[in-house]
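Q: Since chain A is already given, all that's left is putting chain B on it; use the hints.
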Amino acid sequence: MSADKEPQSEPAPDIDRLIHEPARYNIMALLYVVERADFLFVRNQTNLTPGNLSAHLGKLETAGYVKIDKEFAGKIPRTFLRLTESGREAFSVYRHRMRKLFTSPPEARFQNLKGKIKKMLSAHDEDSGGSDSM
Amino acid sequence: MERVESLKEIERKAYRSVFEDGIYDILWGAVFFVNALVPIFNSIGVSRFYGYAALLILPLIPLIGKRVITVPRLGSVEFGPRRKSRGWLLLLVCGLVVFLQLPLFIIGPGKSLVGNAPWTYILLMAAPAVAIGVVFVNFPRWYIYLSLMILAVIQSEILAGYVSRPLASVLCFGLPGVAILGYGCVLLANFIRKYPKSHAEVAHVSR
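These protein sequences, in sequence, are chains A and B.
With this note's numbering applied, the first sequence covers 1291 to 1424.
With this note's numbering applied, the second sequence covers 720 to 926.
Derived by calculation from the structure, the hints in this document are not laboratory data.
Keep in mind that a hint or two might mislead.
[Said to hold, decoys possible] Ranges of calculated distance between the beta carbons of each label pair, as one might list FRET restraints:
hint, chain 1, residue 1, chain 2, residue 2, range
1, A, I1366, B, N909, 18 to 28 Å
2, B, S866, A, K1365, 42 to 52 Å
3, A, N1402, B, N909, 45 to 55 Å
4, B, E876, A, T1393, 56 to 66 Å
5, B, K732, A, A1363, 18 to 28 Å
Given the structure is predicted, the values throughout are model-derived calculations rather than measurements.
Yeah, the Cβ is synthetic: ideal placement off N, Cα and C, and Gly gets one too.
Chain A on its own, in the form it takes in the complex:
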């Protein structure tokens, strides 16, 4: 599942969409509450298939949210996962924003939405004005 195939509509204003995806949220939440865990533990806790987990981890690693370390216990390779500082920060910001979104009164949310629509319309007007002049 690549990022460009995901639906383009925003679920909520200023929400980190990388974390908002349920599987990635589960991975981030688990790694947020522990110091580090290996691939197998995360897989068992999130009930994801190895390929699926690997794909999500790739995205999180690219975003700089997760650090993947390969270690050897004797001859057995083990993959350890931990959240980076920016991952922790991003996750707590995400939680804060989600909480705010759900606890703010509907009027405030409506005002935000109204503001966003106004902004979009004015941007659209500017665009269409520019094309008219040409």
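A: For chain B alone, coordinates are given in the frame of chain A:
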């Protein structure tokens, strides 16, 4: 909202999963079992030393079990600094409790027990520390085991007045020991079935 609020639950679930393997239940069962065996050893002329040696071997059950059975199946996890500092605090408190009880058993009312029933003495001394440990570990099943252990100590002392001590120990420690061991083995079998050994990570995360 539920997603955002459930971090504590996720941590607790991850923590509890470490105990899903039944290895600590087997350890508890083994402690009961050793308690039942020591007086039998004693009655057939084998030194009590072997009983104490068994006590020293018992911690190997979780050490080896976790390494050989749990980690290759469930994976390994390191919990946050809060849980780690809680572990150190637990160790400190338990050590302090045992230390504070020493005078009670060496010069106080427990003195006679030291000579007559050292095993009971060790158990009674360890019980408050274990009770605190159970609260810290927050694992409800262990409350039952601890209660059974204290009950078994009291019962065996009472029963020893009516039947021989080996028989009293077998009845009071052996029977619950077998039940707990059996339960631990069932949990272990379920755990092995639920988490088959896997090397999938080797093939997948290649970076």
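Q: It remains to establish, for every hint, whether it holds in the given structure.
A: Structure-based check of all given hints:
1. A:I1366 with B:N909: 18 to 28 Å: holds, 25 Å
2. B:S866 with A:K1365: 42 to 52 Å: With a Cβ separation near 45 Å, S866 of chain B and K1365 of chain A satisfy 42 to 52 Å, so the hint holds.
3. A:N1402 with B:N909: 45 to 55 Å: At roughly 50 Å between Cβ atoms, N909 of chain B and N1402 of chain A fall inside 45 to 55 Å, so the hint holds.
4. B:E876 with A:T1393: 56 to 66 Å: holds, 59 Å
5. B:K732 with A:A1363: 18 to 28 Å: holds, 25 Å
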